[in-house]
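Visitor: Below, each chain spelled out in residue letters.
2 protein chains.
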Amino acid sequence: MCKNGEENYCRNGMTGTYNARFTHEHSPGYSAEGKDHCEPTYGGYSRDIVCDADYTLKLDKSMPLDKTAPLLCAGITVYSPMMYYGVKKGMKIAVAGLGGLGSMAVKFGVAMGCHVTVISRGTKKKDDAMSILGAHAFVDSTDAESFGAAKSTFTHIVDTIAAKHDLHQMMDMLDINGKLIMVGLCPEPLPLQGFSYIVQRKQLVGSLIGGIKETQEMLDFCAEKKIYCETEIVKPEQINEAYDRAVASDVKYRFSIDCSQL
Amino acid sequence: MCKNGEENYCRNGMTGTYNARFTHEHSPGYSAEGKDHCEPTYGGYSRDIVCDADYTLKLDKSMPLDKTAPLLCAGITVYSPMMYYGVKKGMKIAVAGLGGLGSMAVKFGVAMGCHVTVISRGTKKKDDAMSILGAHAFVDSTDAESFGAAKSTFTHIVDTIAAKHDLHQMMDMLDINGKLIMVGLCPEPLPLQGFSYIVQRKQLVGSLIGGIKETQEMLDFCAEKKIYCETEIVKPEQINEAYDRAVASDVKYRFSIDCSQL
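Residue numbers (this note's numbering), protein chains in the order written: chain W, -15 to 246; chain V, -15 to 246.
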């Protein structure tokens, strides 16, 4: 997988930047004595970081750092499955959930030339979805008339909801042969009815971030199309407050920590 | 969908041979007054049947009728998704559940040049799976050592189990990018954990029988490869008994009703 540019699916387990250990033989802090003896990885909340050159990425000079940083997670996490599962120009797609991942999926979909609908609970996020993110339509998943009108409509739904929600409702809005792309990790199992995917040959498909090669491709795409994450900059001393606000979904759409004064 | 040879996914609803009505405008028994006024379709338990020529299929003279009949349902139901979802020569695939659908999936997999493993509860069906159906390996899903050894092994699992079972266990046996092909309609929703398909980019995919064009293709493939369903012939007066035995899974692997004396 690594040689194929898909380090994120490494059969020996990928090495995360945060809260991980150097468990691969060629790594600097590796120990043959076992995982607990391998050194921890260095994290990213710092001014400088030591990194294997194969795992660095090039940014175009035009890219604003604070709005580019979240692309390395929220951005690639939706870009990768949109490419892998065949999202193409002219398709009608939808994005469920409008946090960091969802906001980026809307921007990518628009930039790829798709007709993009946002699916959200209530209409609170409608104005932002249409005016700031550029979505073409909006479905309120709590309003039977609204989601009923979207039945059998979308080739793909990028489902970014990391909490319990109704998969049958999502499947119902997919067209025949449609794909429900799951990128939000819900902590509890979700019930799934056979009828919702068998009768019209639908698919529920997963994806986990992306590899270095595709991340570079995404960054180049973003620089070309001027696609960035909507962010709010915080200073290191504000991160506890920012954390609480992130948990409460009170952020549009990602915090970036300014580490320049560390 | 109909013009594309996929009548089974018709947007206006397909017309079944059994227990359905002629609800399409061009059909002989159609009524514009609504579904309840349309004539019922004719069923198949008879010596003769009137059928639109577009919905008839050609059988090679070499094909035994009793062993060919179940191909029109159990056969095409597994053949279609195996083709659509990319089962190819040299792949390691598995078949879960060994009834009418499962037995055909094993035969197709073997004929396509795959390495085929049967996944079943207990070892009762092991001998038949290997000797009669031609499977290459066997996994007992009730034995932790047996299914543990199959972790991350298969490109595809054809899951024909129409009852409650552990989807996470199936997902776990799929390799990275693997596909769990669901063709058994379980009456109750099955819980599905995000981790089981997100972390290694796995897919849970549905499929419903197949269209006329692909059914003909399958029949030609079966005639060429001499692939037939294992059947037990019953007379019309035995169908109540045969029904009870089918419910109790006491049939290898399908009953064929001999209607020649009707």
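Please note that a few of the clues may not be correct.
Any copy, or any two copies together, can satisfy a pair, since identical chains are not distinguished.
Unchecked claim - Once the Cα atoms are required to be at most 30 Å apart in a straight line, the calculated DSSO-like pairs of lysine-lysine come out as:
1) K(-13) to K108
2) K19 to K135
3) K76 to K197
4) K51 to K73
5) K148 to K42
6) K73 to K236
7) K135 to K219
8) K42 to K76
9) K(-13) to K72
10) K135 to K148
11) K148 to K19
12) K110 to K(-13)
13) K210 to K135
14) K210 to K45
15) K148 to K219
16) K42 to K197
17) K135 to K197
18) K148 to K(-13)
19) K72 to K19
20) K210 to K72
21) K(-13) to K76
22) K135 to K(-13)
23) K(-13) to K209
24) K72 to K197
25) K209 to K197
Quick caveat, the hints were computed from the structure, so don't treat them as lab data.
Visitor: Evaluate each hint against the coordinates.
Guide: Hints versus structure:
1. K(-13) to K108: This pair counts as neither: shortest intra-copy Cα distance 45 Å, inter-copy 43 Å.
2. K19 to K135: Classified as between: cross-chain Cα gap 21 Å, same-chain 49 Å, threshold 30 Å.
3. K76 to K197: Both: 27 Å inside a chain and 28 Å across chains, each within 30 Å.
4. K51 to K73: For K51 and K73, the Cα distance is within 30 Å only inside one copy (25 Å; across copies 46 Å).
5. K148 to K42: For K148 and K42, neither the intra-copy (37 Å) nor the inter-copy (49 Å) Cα distance is at most 30 Å.
6. K73 to K236: within (27 Å within a copy, 49 Å between copies)
7. K135 to K219: neither (45 Å within a copy, 45 Å between copies)
8. K42 to K76: So K42 and K76 fail the 30 Å test inside a copy (32 Å) and across (39 Å) alike.
9. K(-13) to K72: Cα proximity of K(-13) and K72: in one copy and across copies (27 Å, 24 Å).
10. K135 to K148: both (21 Å within a copy, 28 Å between copies)
11. K148 to K19: Neither way: K148 and K19 sit 34 Å apart in one copy and 38 Å across, limit 30 Å.
12. K110 to K(-13): Cα proximity of K110 and K(-13): none, with 43 Å in one copy and 39 Å across.
13. K210 to K135: neither (33 Å within a copy, 43 Å between copies)
14. K210 to K45: within (12 Å within a copy, 64 Å between copies)
15. K148 to K219: Neither, since 33 Å and 51 Å both go past 30 Å.
16. K42 to K197: within (11 Å within a copy, 50 Å between copies)
17. K135 to K197: Between. Shortest inter-copy distance 28 Å satisfies the 30 Å Cα cut-off; intra-copy 36 Å does not.
18. K148 to K(-13): neither (36 Å within a copy, 39 Å between copies)
19. K72 to K19: neither (42 Å within a copy, 38 Å between copies)
20. K210 to K72: So K210 and K72 pass the 30 Å test inside one copy only (19 Å; across, 41 Å).
21. K(-13) to K76: between (34 Å within a copy, 22 Å between copies)
22. K135 to K(-13): between (42 Å within a copy, 22 Å between copies)
23. K(-13) to K209: within (29 Å within a copy, 39 Å between copies)
24. K72 to K197: The answer is both: 20 Å in one copy and 28 Å across copies each meet 30 Å.
25. K209 to K197: Only inside one copy: K209 and K197 sit 19 Å apart there, 43 Å across copies, limit 30 Å.
In the structure shown, a violation is registered for the earlier hints numbered 1, 5, 7, 8, 11, 12, 13, 15, 18, 19, in ascending order.
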